[in-house]
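Chemist: With chain A held as given, fit chain B onto it using these hints.
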Amino acid sequence: MKDIFADFYNKVLGFFRQSEKKENAKDVACNRLRVVLMQDRTNLTPELMERMRKELIELLSRYVEMDKEALELNFEQEGDQMALMLSIPVLRAREESEIEKELAALDAEKAKKEEEAAAEEDVEKREETSQDGETQEEIIEIVEAEPVDKAETSEGKPSDEEKVVIEEEIVISEPENEKEPKIEITD
Amino acid sequence: MSNATANPSVSDEKDKKGETMSGRVIVITSGKGGVGKTTTNANIGTALARAGKKVVMIDTDLGLRNLDLLLGLENRIVYTIVDVVEERCKLKQALVKDKKNPNLCLLAAAQTRDKTAVTEEQLKSICEELKKDFDFILVDCPAGIEQGFQNAVAGASEAIVVTTPEMSAVRDADRIIGLLESKEEIKSYRLLLNRVRPNLIKSNDMMSVDDVVDILSAQLIGIIPEDTGIITSTNKGEPIVNDEKSLAGQAYNNVARRIIGEDVPFLNLEEGKGIVARVKKFFSNLVGKEK
Numbered sequence: 001m002k003d004i005f006a007d008f009y010n011k012v013l014g015f016f017r018q019s020e021k022k023e024n025a026k027d028v029a030c031n032r033l034r035v036v037l038m039q040d041r042t043n044l045t046p047e048l049m050e051r052m053r054k055e056l057i058e059l060l061s062r063y064v065e066m067d068k069e070a071l072e073l074n075f076e077q078e079g080d081q082m083a084l085m086l087s088i089p090v091l092r093a094r095e096e097s098e099i100e101k102e103l104a105a106l107d108a109e110k111a112k113k114e115e116e117a118a119a120e121e122d123v124e125k126r127e128e129t130s131q132d133g134e135t136q137e138e139i140i141e142i143v144e145a146e147p148v149d150k151a152e153t154s155e156g157k158p159s160d161e162e163k164v165v166i167e168e169e170i171v172i173s174e175p176e177n178e179k180e181p182k183i184e185i186t187d
Numbered sequence: 001m002s003n004a005t006a007n008p009s010v011s012d013e014k015d016k017k018g019e020t021m022s023g024r025v026i027v028i029t030s031g032k033g034g035v036g037k038t039t040t041n042a043n044i045g046t047a048l049a050r051a052g053k054k055v056v057m058i059d060t061d062l063g064l065r066n067l068d069l070l071l072g073l074e075n076r077i078v079y080t081i082v083d084v085v086e087e088r089c090k091l092k093q094a095l096v097k098d099k100k101n102p103n104l105c106l107l108a109a110a111q112t113r114d115k116t117a118v119t120e121e122q123l124k125s126i127c128e129e130l131k132k133d134f135d136f137i138l139v140d141c142p143a144g145i146e147q148g149f150q151n152a153v154a155g156a157s158e159a160i161v162v163t164t165p166e167m168s169a170v171r172d173a174d175r176i177i178g179l180l181e182s183k184e185e186i187k188s189y190r191l192l193l194n195r196v197r198p199n200l201i202k203s204n205d206m207m208s209v210d211d212v213v214d215i216l217s218a219q220l221i222g223i224i225p226e227d228t229g230i231i232t233s234t235n236k237g238e239p240i241v242n243d244e245k246s247l248a249g250q251a252y253n254n255v256a257r258r259i260i261g262e263d264v265p266f267l268n269l270e271e272g273k274g275i276v277a278r279v280k281k282f283f284s285n286l287v288g289k290e291k
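Top line first, the protein sequences correspond to chains A and B. Okay, so the first sequence: first residue is 1 according to the numbering used here, each after it adds one. Okay, so the second sequence: first residue is 1 according to the numbering used here, each after it adds one.
By construction, these hints were calculated from the structure, which means they are not laboratory data. A portion of the hints provided could be inaccurate.
Unchecked claim - Restraint ranges, calculated between C-beta atoms of paired labels, are given here:
id, chain 1, residue 1, chain 2, residue 2, range
1, B, Gln150, A, Ser87, 37 to 45 Å
2, B, Gln150, A, Glu98, 55 to 63 Å
3, B, Leu64, A, Thr45, 25 to 33 Å
4, B, Glu262, A, Asn10, 42 to 50 Å
5, A, Ile4, B, Asn204, 28 to 36 Å
In this text, all values refer to a predicted model and were calculated from it rather than measured experimentally. Virtual Cβ for every residue (Gly too), placed ideally from N, Cα, C.
Just chain A, same shape as in the assembly (with noise of 0.2 Å):
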């Protein structure tokens, strides 16, 4: 008797659930807003968005082998953080010598331009110091105990392109300091 009462208890439920499983108009309404306000709050444009998108295509593409038309990259909801999916479909996987090869010719590339770049802020923070006698010393010291590449690489800018990332950087400093959103790779 217990039984037939459960089961009959169950199956009214199922229908219950049943109804509920349907994706209601109320938690479509609440998602697309959030999607919609994240995009609205990180002051990040459709223009800026499709230089990510190319930028990162440049940087991936040296390690592995992809679809660029397909690459997607959105913002999403997960909870309470906001998250930067990039969802890229992968053709195939380069070979070890391939990525050394292009590695080798980027960082040749880079080391040639940071090098203007030392010799540039040198002769900046020489200018700079050159009013004020007493820190001359100290700031040239630094320069050289620290050398430029590496104060350069530790924001993770990409390395070949510095003068357009920085200028981006200065664009969207902001939102992405205070959202800080992760980058998941699926596929």
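Modeler: Coordinates of chain B only, in the frame set by chain A:
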């Protein structure tokens, strides 16, 4: 310990001593149009006046004034805010007193001019002037985030953001909140959720109060249920707070009491009446527990 006394009593004391008051300037804004800014303004203002406060409302929606209609004062307007600014009359001459409630005044917007007829500085000085004689200055803000909004916000130190549980209204409210947060003069803002429909929320067809509060992460000052009485009260030019039986009227009265500083619990809109509602509630509780 005199510091601990609440704001309203302080202003009362000052009033008795004949010193100048220092009223609170509250802007009522929303971003999106049609969510009930002006209705909210008329009702909160009337409720505050009924509670014995001296209230003046400023309609800053130049060219699209409506606050006068909701208050039933449209035929008594002689001078507008533009006349004050352009010095065709004194500020006190332009204040239209409510017939039923002498505590309530309106400074009407000009219907024939546009938003550029008054500047931020001019509105600021009008608010400063009115602060001396009134407990509350409620500024009715036009829709949008352009100059009209900037003007309305200029003189205020508090804000009430009106929204409804609809996506577009919530999105616009989020934008407005962002703008208010960037304004130093605005010390606090609170959210008023208008046109809430408990039945739709119950059937999961509409965002709930908690959803909206959660998404906007703002402090709530009132929940106003959708009420057909609003339409008839607008038609009569008599704010719904005058109707004590109306649920929306009660909700607006509660908002006014919260503004004054009272701790008033929110109306429970989900509680239905009668046997059917009780049976429904019983079953929904059962299902809810099993989840």
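Chemist: Next, verify each hint and record whether it holds.
Modeler: Here is how each hint holds up against the structure:
no., hint, in the structure
1, B:Gln150 <-> A:Ser87: 37 to 45 Å, "holds, 42 Å"
2, B:Gln150 <-> A:Glu98: 55 to 63 Å, "holds, 57 Å"
3, B:Leu64 <-> A:Thr45: 25 to 33 Å, "holds, 31 Å"
4, B:Glu262 <-> A:Asn10: 42 to 50 Å, "holds, 49 Å"
5, A:Ile4 <-> B:Asn204: 28 to 36 Å, "holds, 32 Å"
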